[in-house]
Amino acid sequence: MPVIGESREVRGFWLAEAVWVTHSAGVARAVAEWMTDGRPGMDVHECDLYRFEDAQRSPAYVTERGQRNFVEVYDVIHPLQPMEQPRPLRVSPFHVRQRELGGYFLEAAGWERPHWYEANAPLAESVELPPRDAWSARYWSPIAAAEARATRERVALYDMTPLKRLAVSGPGALDFLQRMTTNQLAKKPGAVTYTLLLDETGGIRSDLTVARLSEHHFQVGANGGLDLDWLLRHAPDDVHIADITPGTCCVGVWGPLARELVQPLTHDDFSHEAFGYFKARQTHIGHVPVTAMRLSYVGELGWELYTTADLGLRLWDTLWEAGQRHGVIAAGRSAFNSLRLEKGYRAWGHDMTTEHDPYEAGVGFAVRMNKGDFIGRAALEGRSEETAARRLTCLTLDDPAAVVMGKEPVYADGVPAGYVTSASYGYTVGRTVAYAWLPAAAAVPGTAVHIEYFGEKVPATVVAEPLFDPRMARIRR
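Numbering follows UniProt numbering, with no gaps: position 347 of the sequence shown is 347.
No lab work stands behind these hints: they were computed from the structure. These numbers come from a predicted model, not from an experiment. We put the CB at the ideal spot given by N, CA and C, even for glycine. Please note: incorrect hints may appear among the correct ones.
[As the list claims (entries may be wrong)] Below, computed lysine to any residue pairings styled on SDA-like, alpha-carbon distance capped at 25 Å: (1) Lys188 x Leu174; (2) Lys164 x Arg87; (3) Lys164 x Asp237.
[Said to hold, decoys possible] Listed next, with one range per pair, are the computed distances between beta-carbon atoms: (4) Val127 x Gly382: 45 to 51 Å; (5) His23 x Pro59: 56 to 62 Å; (6) His350 x Val444: 37 to 43 Å; (7) Glu385 x Pro131: 35 to 41 Å.
Work the whole structure out from these sequences, hints included.
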């Protein structure tokens, strides 16, 4: 993809590089709009100069990737196909244990990310799944179904280390984050808030999880380098922003037995009454100091546990040993994606971008119009879920054996109406779950649509979301 955007270090210096002839008109238009209007007329995050991590900017990395791209340039690339070189580049402190468990790794932003573990293969022997076609069976394993089931029934460890983490601190930190994001952050230390970054037109630049750890210190869970760039461009002198991802790690402990696993390892009270949902505290797990946040992106009880990279392996081993009596497993991204779709959680960059506003995307609950001014607020005046002309919509495929992968066109009344953003087999609900952008008139539960998959029209139905635990009872217990 091209590299376009304005340098943060040298204001007024714009780049438009690696542009093929086929991209030239679109790139020229996007850059011209960006320079004159302050934003391009389409979402270009996949082309943005600051989408790369520091480790991906070295001459050696660029050379190896460029050489590989030359070989693959005309290939038909599977949507999950990872790059082959240079790997491994970035690994979490848990990587050695993941390899021992037979982790199957794909790559994202230079990180080795386990998608399933061969150690869980015996658990998959009792799982009955419909057969897959050759295309959708690539980079997939039925082991993911067993890992999803274990998460729903017992407890699982998920490596969340690759997700971007920022520390925002200083006397002006609260006012700065209030101005940059949509939700109310003026809460007591220990509060965690889901919020959004918008552009001036109300488009969603990112979604964030912001934990207020002390009066002037916040930890921000972000989506990548673009969020860091956006915050740095707007930060005043009394605010310090640091990327703490490389020196820290995170393990998600999720499942109905998560509390039974964690509680004996700490002197703090992890009961629901003492440690509520969307709360954070600094504590210890065994010998390891951690920042614990009660969050869940799989729809189950649990915590994200953060510590420094040097103590990461000790944290994993402590949890693993204590979890044996509870049937703990390590679970990968394939199970994670299935579980988050069943719960209706959005993935920025897939389900929503700057081309969508919060009300269309179903995240209007993260907007507090009465909290004061923030970037994008003026553009949202008069908008609501009721006025949205299109909506991010949950679909299930009518045939339990049918599969789609994402990006497929969706037809309503026989004409193209939208496209699939994310899809995965829902191992709990027993059929493929897809999210798609549709006109509001078609985004009504019960509406019949078709998804085109390799030339075939696959029947699907609009359903109410979330499919799993709509009352949030499993998380809030």
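Outcome of the hint check:
{"no.": "1", "hint": "Lys188 x Leu174", "result": "holds, 11 Å"}
{"no.": "2", "hint": "Lys164 x Arg87", "result": "holds, 20 Å"}
{"no.": "3", "hint": "Lys164 x Asp237", "result": "holds, 23 Å"}
{"no.": "4", "hint": "Val127 x Gly382: 45 to 51 Å", "result": "holds, 49 Å"}
{"no.": "5", "hint": "His23 x Pro59: 56 to 62 Å", "result": "violated, 24 Å"}
{"no.": "6", "hint": "His350 x Val444: 37 to 43 Å", "result": "violated, 23 Å"}
{"no.": "7", "hint": "Glu385 x Pro131: 35 to 41 Å", "result": "holds, 39 Å"}
When each numbered hint is compared with the structure, violations occur for hints 5 and 6.
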